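Chemist: Sequence:
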Amino acid sequence: MAPAPKRTPIPRKTSIPRKKPIARKKQVKRKGLPMQVKFLIAGVLLVLLSPLYYGYIIKGFTSTWRWVKDWGEDPNYRTYSSFDIRIPKNYSIHGIDVSYYQGKIDWKKVKAMKEDDVKINFAFIKATEGMFNVDPYFQRNWREAPKAGIICGAYHYFRPKKSGAWQAKFFLQTVKFEAGDLPPVVDVEELNGVPASKMRIELRDFVRHIEKKTGVKPIIYTGLSFYKDYLQGHFEDYPLWIAHYYQSKLKISKATKWHFWQHSDKAKISGINHVVDFNA
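Going by this note's numbering, the sequence shown wraps up at 477, each residue one higher than the last.
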């Protein structure tokens, strides 16, 4: 007798666990900000985004930084970062003197430069030297500096070995002075191997010729040591421009008739690619 076939067991249905229903959060209506608060926020944002606000903050920060940086410095002789020199503070009129040495100058940038109350008001420009040498940049500087609004004067570099009168004629042939210009200047700072008495004779011929032709007393420029050694007691009727560097005060008698003081020879000026003499 054949064995009975095996029965395939029928799988029982397994019960699938039901997911619990997720409780929905009740939507709560949020109340809007009060109108006064909105106005306040808008006002604060307007202030924060205003360039005037940041100008005020930056100005305050700059002033604080300047105060920290100047700590311990003489308040009457402090460093001006833009010009990269120390400048005597008790002067309100500042200027420079230039020659071919400074190269091509952007006078508009010179005029626009300013830090605190210091800006360039005037410039003395080299015109001639001796009896034949004209500064190659003179005509350009003499034309462009006044266009930028800078008051100008011209100077002659004096050679004591040459005739003072002929040097004066050469100077006036080169420079055409106009009303409003600074007085003519003679720059005397070396003897060139001649006695001091000979230098003074030629210098007197120079200044007298200039005064006769222009009706203006020329300025005599010189260094403090040269003045004390060779010029003091002479030319007392002529205004002086004295070079005396890196000092808070010009160390000269109050009775001396000085009008200009060249107190640095290494100022950095916008629009000029070389260091410059700085004057008060």
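Calculated directly from the structure, the hints in this document are not laboratory data. Keep in mind the model is a prediction, meaning the values are calculated, not measured. Quick reminder that beta carbons are idealized off the backbone N, C-alpha and C, glycines included. Do not rely on the hints blindly, as some may be mistaken.
What the hints assert, rightly or not - With a cut-off of at most 25 angstroms between alpha-carbon atoms, the simulated DMTMM-like pairs for lysine to aspartate or glutamate come out as follows:
id, residue 1, residue 2
1, Lys-305, Asp-378
2, Lys-373, Asp-474
3, Lys-358, Asp-378
Unchecked claim - Label pairs and their in silico Cβ distance ranges:
id, residue 1, residue 2, range
4, Ala-452, Ala-393, 36 to 46 angstroms
5, Lys-366, Lys-451, 29 to 39 angstroms
6, Asp-303, Ala-393, 17 to 27 angstroms
7, Ala-376, Gly-240, 18 to 28 angstroms
8, Glu-375, Asn-287, 38 to 48 angstroms
9, Phe-236, His-471, 55 to 65 angstroms
10, Asp-303, Leu-243, 23 to 33 angstroms
11, Lys-344, Asp-462, 18 to 28 angstroms
12, Asn-287, Glu-386, 18 to 28 angstroms
13, Pro-231, Tyr-274, 19 to 29 angstroms
Chemist: Each hint needs a verdict: does it hold in this structure or not?
Modeler: Results of checking the hints against the structure:
| no. | hint | verdict |
| --- | --- | --- |
| 1 | Lys-305 to Asp-378 | 19 angstroms, holds |
| 2 | Lys-373 to Asp-474 | 24 angstroms, holds |
| 3 | Lys-358 to Asp-378 | 29 angstroms, violated |
| 4 | Ala-452 to Ala-393: 36 to 46 angstroms | 22 angstroms, violated |
| 5 | Lys-366 to Lys-451: 29 to 39 angstroms | 36 angstroms, holds |
| 6 | Asp-303 to Ala-393: 17 to 27 angstroms | 41 angstroms, violated |
| 7 | Ala-376 to Gly-240: 18 to 28 angstroms | 56 angstroms, violated |
| 8 | Glu-375 to Asn-287: 38 to 48 angstroms | 31 angstroms, violated |
| 9 | Phe-236 to His-471: 55 to 65 angstroms | 57 angstroms, holds |
| 10 | Asp-303 to Leu-243: 23 to 33 angstroms | 39 angstroms, violated |
| 11 | Lys-344 to Asp-462: 18 to 28 angstroms | 26 angstroms, holds |
| 12 | Asn-287 to Glu-386: 18 to 28 angstroms | 26 angstroms, holds |
| 13 | Pro-231 to Tyr-274: 19 to 29 angstroms | 58 angstroms, violated |
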